[in-house]
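Protein chains in written order, with our numbering: chain A, 1 to 391; chain R, 1001 to 1097.
Note that these hints are calculated values from the structure, not bench results. Model, not experiment: these values are computed from the prediction. Don't be surprised by glycine CBs; every beta carbon is placed ideally from N, CA and C. A portion of the hints provided could be inaccurate.
[As the list claims (entries may be wrong)] Per label pair, the in silico range of CB-to-CB distance:
#1 A:S112 - R:E1095: 50 to 58 Å
#2 R:S1061 - A:E90: 37 to 45 Å
#3 A:L245 - R:G1023: 44 to 52 Å
#4 R:K1003 - A:D156: 24 to 32 Å
#5 A:E52 - R:G1023: 48 to 56 Å
#6 A:G341 - R:E1095: 50 to 58 Å
#7 A:E237 - R:G1023: 36 to 44 Å
#8 R:Q1027 - A:S356: 49 to 57 Å
#9 R:Y1073 - A:E185: 58 to 66 Å
[Stated by the list, open to error] Quick partial rundown of chain A residues pointing at chain R, CB under 10 Å, derived from the structure:
#10 K221
#11 K222
#12 A227
[Unchecked claim] Okay, derived cross-link-like pairs now, BS3-like style, lysine-lysine, Cα gap no bigger than 30 Å in a straight line:
#13 R:K1011 - A:K222
#14 R:K1011 - A:K240
#15 A:K234 - R:K1044
#16 A:K221 - R:K1011
#17 A:K221 - R:K1003
#18 A:K336 - A:K371
#19 R:K1083 - R:K1044
#20 R:K1083 - R:K1034
#21 R:K1003 - A:K222
The lines below spell out each chain.
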Amino acid sequence: MGKRVGMEVSIAAAEAVKQANVDVISAYPITPQTHIVEHLAELVANGELDAEFVPVESEHSALSVCVGSEAAGARSFTCTSSQGLALMSEITYIASGLRLPIVMMLANRALSAPLSIWNDHSDVMSIRDCGWIQIFTENGQEVYDHVFYAYRLAEDRDVLFPVVVNLDGFILSHVIEPIELLDQEIIDRFLPPYQPLYRLHPDRPVTMGAFALPSIFAETKKANEVALRGSLSKIIETWKALGDLTGRYYKPIETYRAEDAETLLVTMGCFGETASVAVDSLREEGRSVGLMKIRLWRPFPFDAFREVACRAKRLVVIDRAISVGGPGGPVASEVKAAVYGRETRPDVYNFVAGISGRDVAPSDFIKMVDKAEIEIEEGNKEGYEIYGVRE
Amino acid sequence: MTKPESEWTWKELPVGNVVLEPGNASQYRTGDWKSLKPVLDREKCIHCGLCYIFCPDMAYSLNEEGFFISDLYYCKGCGICSKECPTGAITMVEEEQ
Chain A
1 MGKRVGMEVS IAAAEAVKQA NVDVISAYPI TPQTHIVEHL AELVANGELD
51 AEFVPVESEH SALSVCVGSE AAGARSFTCT SSQGLALMSE ITYIASGLRL
101 PIVMMLANRA LSAPLSIWND HSDVMSIRDC GWIQIFTENG QEVYDHVFYA
151 YRLAEDRDVL FPVVVNLDGF ILSHVIEPIE LLDQEIIDRF LPPYQPLYRL
201 HPDRPVTMGA FALPSIFAET KKANEVALRG SLSKIIETWK ALGDLTGRYY
251 KPIETYRAED AETLLVTMGC FGETASVAVD SLREEGRSVG LMKIRLWRPF
301 PFDAFREVAC RAKRLVVIDR AISVGGPGGP VASEVKAAVY GRETRPDVYN
351 FVAGISGRDV APSDFIKMVD KAEIEIEEGN KEGYEIYGVR E
Chain R
1001 MTKPESEWTW KELPVGNVVL EPGNASQYRT GDWKSLKPVL DREKCIHCGL
1051 CYIFCPDMAY SLNEEGFFIS DLYYCKGCGI CSKECPTGAI TMVEEEQ
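Bound-form chain R, shown alone (with noise of 0.2 Å):
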């Protein structure tokens, strides 16, 4: 979207608010929601993936190094990589810490 959704008129709304812009959820910050955040311990990482798989939020990609780094743009905090961690190398902690 060419700008936030809560400074668009009711007057330049696309008839029947259809979105015409392909993909532009991914301008949606769900970051924002989290209170905890993924950590994670490089030495426990065994760069097995399965946090990039088990993210519902999609919000895990791999970084030039190997290892699997979640996006915090995205990240809700959920929780679920790090308990699928088979070596318990994330840790999820206060996002103000």
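Bound-form chain A, shown alone (with noise of 0.2 Å):
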């Protein structure tokens, strides 16, 4: 096993891209993502780690970037923030339309206007219906673990998706915690070199990204989402296979004292950790509430998430992004969607919290459980708010 060290978690993902042996990395500089690609700058020009690093102009290059290193069979890396998400946003779409397996990590941070540097997960929604797998992580051990994880699954014949793993801007991303680095040679027993199954090569000609007319364009979107739905089998079996090698096991949905709850909170990234502890004091006063931790956010786990949230009374969903106009979180909306037509369903509550980096405490998790079942009760069953707004 390796050692277990105090680190910066970005400095560690960037450890993990090393690690990883990524043939190509480029970035554009955004907070709070800049830790991680400035010391990737660094271990190249050390000459610690042999990869090209192109410094590009903007995101959009970024990602342009790792489409064509990519296509010409280079293990490739970016990593971004809130508008530079936006601004690469075109280039996502292209990445999983050629089932280019490139790994991303996302800093989330709110989207402008107004401007903010903070975490929330507006930027990733952006992109949530891009065809990428999607995962968010809680702590720093799993943002260094979902690194290989994430080349690993996407360069397997049977996914070939692009991979964005997704770590809580400032609150993760700047925090100092106890990692454990893996051993090299572990990581490279789990994580083989990169065979990609087209690339563009002189000796073999072919076409990526073609012109599709109207009468083929449908054919080739079905096959995409049959193939990025089917990869769910892939992402459990990888993380089996991670599991086996570090002792850490990873599911699409983390449950926590959820057994038996009859109120469960729903969360996604890193308030994971701090919701557990509101529960823990919530089972302490005799409360009936769980919570359920969404790690894979596309594909999303139906069945898995319907397995635990069908058999609670209901569910309070804390959303880190709105969406302006819409039925309530993006997340509640996944979730209400996963739910509608069971025999047995619970009643869903959603509050949108922390957005912008504004600190959510257990004390706060548990005045929103406090408040959800009190609406619950009062008949407000589908109840949205935007927590802790001055009014």
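Can you join these two chains into the complex? Each is in its own frame, and there are hints to help.
Written out as structure tokens, the structure reads:
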């Protein structure tokens, strides 16, 4: 086993990218992702990582470089946040349409306006439907582990999709945590060299990104969607393989004291750790409250979600993004769709909390559970509100 | 392509819709876009080849008699050849006629 060290999560992420032996890194600096690519630039400059570091003029170019390098058969990495992701969003659809196994880390940050550098999930929600595998992490160890995991998964011939690993900006990216760094030989055993299915090479010319007429476009999209949904079994299988090496087993939906809970908090990202403290307090008071943490956002693990959620009486879904003019937060929309039409289904009460990095303490989760339980009791079964706003 | 695009099912598509057969754009019939087609007056033609050079679809080729002739399978009827012809040897006419 490797050594356990205190390390800033961004630095651990960069070390993981080095250990994944990437060939190309292309990125543009943006807070709060900066420390990850700054450290990678240092590693390349110092000769500790044999890779091309391409400092581009925009995030649109950063992902475009990765599309090109990945198409040529090079393991490629990029990293961004917020407006940077918005600028590269055009290319996100191209990467998944071409089935290029790029890995991106996204240090989640609010989208302007007003200008904010702090954390929420509005950035990734803007590319929710772009066809990437989308994973959320809760702590530094998960961030580190999910770099190699993402490459092995993305490059699997049964998958071949780009993967975005989300880590909450500042709240996770800039904290120092104890992280177990794995020995290189363990990573090498887990992550074999990249063997592209197709690549741009003069010996065997292929065309990537050709025009599709209306007569075939729908067929291409169906093939893509079926493949993304079908990757779920590999996603789970690859977590099992990682767990067998590290002892840390991950699941699409993580639960905490959820058995027999009448009320379940539902969170995504590092909210989960704080919410678990709230659950402990509520359990001590004899309250029947548990926690579900969504790790896999796309493809959404409907079956795994329903299996836990439909046993509860009520779900208190905490979103970290707003769907302006929509039915609530984006996670709550998904949750409602997941349980709709089931014979027994929980009521879903939705809070948007912690946007733009505002602290959400265990006491806030308790207040939200209290409020949701009262509101549902009084008949407001589809409630939605932005938590903690001064009236 | 072994069969027209409109007959492919979603299951038959290569991963990422990669095109494995080089040069298959030559099978794409752009000729059915046109309403006007170029007609050459061989008396006026000086064999300069400007029609061949300017054609944006590379539809022109040299025939055995030394004339540049447009392949109507590809010709979109844009009329650039007619505009550029220094002797006015190419006339655009309604395709039906």
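Comparing the hints with the structure gives:
1. For the pair A:S112 and R:E1095, the beta carbons lie near 54 Å from each other, so the given range of 50 to 58 Å is met.
2. Separated by about 39 Å at the C-beta atoms, R:S1061 and A:E90 satisfy the suggested range of 37 to 45 Å.
3. Taking 44 to 52 Å as the suggested C-beta distance range, the pair A:L245 and R:G1023 conforms, at roughly 46 Å.
4. The hinted range of 24 to 32 Å is satisfied by R:K1003 and A:D156, whose Cβ atoms lie roughly 30 Å apart.
5. Checked against the hint of 48 to 56 Å, the C-beta distance between A:E52 and R:G1023 comes to roughly 31 Å, which is inconsistent with it.
6. Checked against the hint of 50 to 58 Å, the C-beta distance between A:G341 and R:E1095 comes to roughly 56 Å, which is consistent with it.
7. The hinted range of 36 to 44 Å is satisfied by A:E237 and R:G1023, whose Cβ atoms lie roughly 40 Å apart.
8. About 54 Å separates the C-beta atoms of R:Q1027 and A:S356, a value consistent with the hinted range of 49 to 57 Å.
9. Take R:Y1073 and A:E185: their Cβ atoms lie about 60 Å apart, and the range 58 to 66 Å holds.
10. Residue-level restraint check for A:K221 holds (minimum Cβ-Cβ distance to chain R is 8 Å; threshold 10 Å).
11. Taking 10 Å as the C-beta cut-off, the interface hint given for A:K222 holds, the closest approach to chain R being about 4 Å.
12. Satisfaction of the interface hint for A:A227 is found here, the shortest Cβ-Cβ separation to chain R being roughly 8 Å, below the 10 Å cut-off.
13. In summary, the hint linking R:K1011 to A:K222 is supported, as the alpha carbons are separated by about 9 Å, within the 30 Å threshold.
14. This hinted pair checks out: R:K1011 and A:K240 have alpha carbons roughly 29 Å apart, not beyond 30 Å.
15. Between A:K234 and R:K1044 the CA atoms are separated by roughly 69 Å; this puts the pair beyond 30 Å, and the hint is violated.
16. The hinted pair formed by A:K221 and R:K1011 meets the criterion: a straight-line CA distance of about 11 Å does not exceed 30 Å.
17. Using a Cα cut-off of 30 Å, the hinted pair A:K221 and R:K1003 holds, with the two alpha carbons roughly 20 Å apart.
18. At most 30 Å may separate the alpha-carbon atoms for a hinted pair to count; A:K336 and A:K371 meet this at roughly 19 Å.
19. Proximity of R:K1083 to R:K1044 is assessed by CA-CA distance (about 14 Å); at most 30 Å being required, the pair is judged to hold.
20. Between the alpha carbons of R:K1083 and R:K1034 the distance comes to roughly 16 Å, so the proposed pair stays at or under 30 Å and holds.
21. Distance check on the hinted pair: R:K1003 and A:K222 sit about 20 Å apart at the alpha-carbon level, within 30 Å; holds.
Hint check: violations occur at hints 5, 15; the rest are consistent with the structure.
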